[in-house]
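Just so you know, the protein sequences line up as chains A and B, in that order.
Per our numbering, residue 1 is the first one in the first sequence, and the count goes up by one each step.
Per our numbering, residue 1 is the first one in the second sequence, and the count goes up by one each step.
Please keep in mind that the hints were generated in silico from the structure rather than gathered at the bench.
Just to be clear, a hint being listed does not mean it is correct.
Claimed, not checked - Computed beta-carbon distance windows for the label pairs:
hint : chain 1 : residue 1 : chain 2 : residue 2 : range
1    : B       : Arg16     : A       : Gly100    : 44 to 52 Å
2    : A       : Gly121    : B       : Ala67     : 26 to 34 Å
3    : B       : Arg77     : A       : Asp101    : 40 to 48 Å
4    : B       : Leu6      : A       : Leu81     : 44 to 52 Å
5    : B       : Asp98     : A       : Glu69     : 41 to 49 Å
6    : A       : Thr127    : B       : Ala11     : 48 to 56 Å
7    : A       : Ser7      : B       : Gly86     : 35 to 43 Å
Glycine included, every Cβ here is placed at the ideal spot set by N, Cα and C.
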Amino acid sequence: MSDDIRSMTTELAADARSLVFMELAEALRQRGQYAAAYKVARTGVGRYPELVAAHDLCARIQMDQDHVEAAFESWADALRLDPEHVGAHKGIAFLYYRAGDTVRAAEHLERAALGDPGDAGIRAALTRLGAVAPVAAAPDDDERGAEESAAFGEFDGSCAGVLLADINGLRLGGTIQSPDGRDASDAVAAQLAGVSREAARAVRLLDLGEWHSVAAESLDGSLHLLPPTDDTILLTVREPGVPSARLALVAERAATAARAWLERIG
Amino acid sequence: MNGVHLRALEAVTRVRGLRGALLVAAADGIVVAESLMEGVDGHAMAALVASLAGRVRRVTAGAGLAAPSFLQLRAERGALLAMPAGPDLLLVALVDSDANLGLARLALMDAARVVA
Chain A
1 MSDDIRSMTT ELAADARSLV FMELAEALRQ RGQYAAAYKV ARTGVGRYPE
51 LVAAHDLCAR IQMDQDHVEA AFESWADALR LDPEHVGAHK GIAFLYYRAG
101 DTVRAAEHLE RAALGDPGDA GIRAALTRLG AVAPVAAAPD DDERGAEESA
151 AFGEFDGSCA GVLLADINGL RLGGTIQSPD GRDASDAVAA QLAGVSREAA
201 RAVRLLDLGE WHSVAAESLD GSLHLLPPTD DTILLTVREP GVPSARLALV
251 AERAATAARA WLERIG
Chain B
1 MNGVHLRALE AVTRVRGLRG ALLVAAADGI VVAESLMEGV DGHAMAALVA
51 SLAGRVRRVT AGAGLAAPSF LQLRAERGAL LAMPAGPDLL LVALVDSDAN
101 LGLARLALMD AARVVA
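Looking at chain B on its own, in the form it has when it is part of the complex (with noise of 0.2 Å):
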């Protein structure tokens, strides 16, 4: 695992209400560097998120409009983010339903920046 990588994922998962953080190879939901807390499946988010971006790509695509820079899932329990780290790269992040979504989008911008 990239030293560098790992510390921008440490890095995310400072943020409070954050359950793990991950970067995933875009093209194949394969799990390339991970800081999740205890119980967080990381291949499955990997391949699911990278599924769902795969797909919301198609949608703005249809629209005639660029790939995503940001994606989110929001659920009852909790929210997934993602968005690239480079081009081949997806930074992916897991959290609780109380965490504050503005910061940990911030902390993946930065996290996104030093990956790339």
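Same shape as in the complex, but just chain A (with noise of 0.2 Å):
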């Protein structure tokens, strides 16, 4: 347990009633470990049913912790203590998005834009949503397949299976396919974020530097995950005959594409 874990979990134990329980629930998410983290976090939200920011901390780890209905209603109790919450209308808007309401999902981010107009985030995904028209012209929709074939496609002889997602959870790029034929590309995209997030944290606290790559090996594919810039995060998918250091080269070449594309639609 590190010192600063170990002096608020004191602090906290001496008096229940101490508000450290926000920081050490944080601290204790950052470090993943959620079941702690949810146990402090909820124990300081009976204690203060008011603060908003509490309810919004229970979201985000009942968010980490994959327990998606209980973060909508933490962050529905965040919106009824303050409806201009930014944070919580962020949140909400992700999980409209996640359940394919885009329309819901765009309401509650303009609301987000509203508390935060800074947020250049907000406004990227009310881009990608359709839902603000982006601030230069966007190509036509032949102009906009061929640059996003040429980022995309015959990579290793094949265009399928490389996606190219932002930080948030949205697809910019590319397609990937369940072994059924369902386009999985969106529900993937979703997901992709979450990694990357695991990534960065699991290797900042076992100091690591920063992260490179994740990859992966199942009985019917193999997939290999890497960030070509800061917001974005691009996922190769092969079947599992692929060997994985091929694997990463053709992830590297999808990568330097990727990062060329987004420079030119920039």
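Work from the hints to combine the two standalone chains into their complex.
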């Protein structure tokens, strides 16, 4: 147990009403100790039910635990206390997006934008949902398709199985199909941001420097994730027979092309 | 700590460049057994890898793929490797940046077979 967590735990044990529970729960969450973080946050919410930030913290921990419905309820509680809470609107917007309800997702993002007009991430998310006209004129569909093909086409003889997403879990380009032919692109893109955050958290807490890639093998496919830029993540998927080092090279080439594409459309 | 578990982990850490190996409960990231060099925070490592493995599992599930049988996080100053050891356990290793990842992976596979 780190010194800061130890001292905060001691302080909370000495005074159960101390607001240090917020900082302690966040520190535990940052270390990936979600069960302990939730216990602290939940107890704090019980003592301070009017504290909006505590409900928001509970929701974020519940999202880390993939308790989606519980996270929705926590953010809804936050909005009952503060109808303009930016974090709650962003969180609920993401949940609606994951559920496929882009209309409600956009509504909540617009409320978040009113509360924090300087948040570029909110505006970018709204642009991708089509709720806001982009600052520069967008290329027409044919031109956009050609640009995307140039970035994501013909890697290792196949243009499928490469997906670029932003840190908000929204797809930027490429496609992923499940083995039964279903388009899984948006569902997978929504999960990539979580992987990126966990990888960054792991290397920070274990003092391993910057993370480069996450690779995984399963019976019916191999995948490789890496961050082409600070705010994007690229997934490359191939059939199980492709050696891992070769998949890594394919992914690196895709990342180079993705960076060039992002600069062109920038 | 189970003797079989400990011997399996010690065999893994004999690979050059391996700074530690753990057996972790996959569901909650709790350490079941460990063989670590000094200075390695086993509890943090266990919780972080279990959480990362859960996230990657969601990606593979979203893509319609089976759960991962091997996971690797590479970073500037080392790497984390993980693989299932039975239905409820994860075998996790922390390696230096100059370690032979191929050998480390083979050692993990041998250990996972012993533990499972």
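Results of checking the hints against the structure:
| no. | hint | verdict |
| --- | --- | --- |
| 1 | B:Arg16 <-> A:Gly100: 44 to 52 Å | holds, 50 Å |
| 2 | A:Gly121 <-> B:Ala67: 26 to 34 Å | holds, 31 Å |
| 3 | B:Arg77 <-> A:Asp101: 40 to 48 Å | holds, 42 Å |
| 4 | B:Leu6 <-> A:Leu81: 44 to 52 Å | holds, 51 Å |
| 5 | B:Asp98 <-> A:Glu69: 41 to 49 Å | holds, 46 Å |
| 6 | A:Thr127 <-> B:Ala11: 48 to 56 Å | holds, 53 Å |
| 7 | A:Ser7 <-> B:Gly86: 35 to 43 Å | holds, 38 Å |
Hint check: no violations occur; every hint is consistent with the structure.
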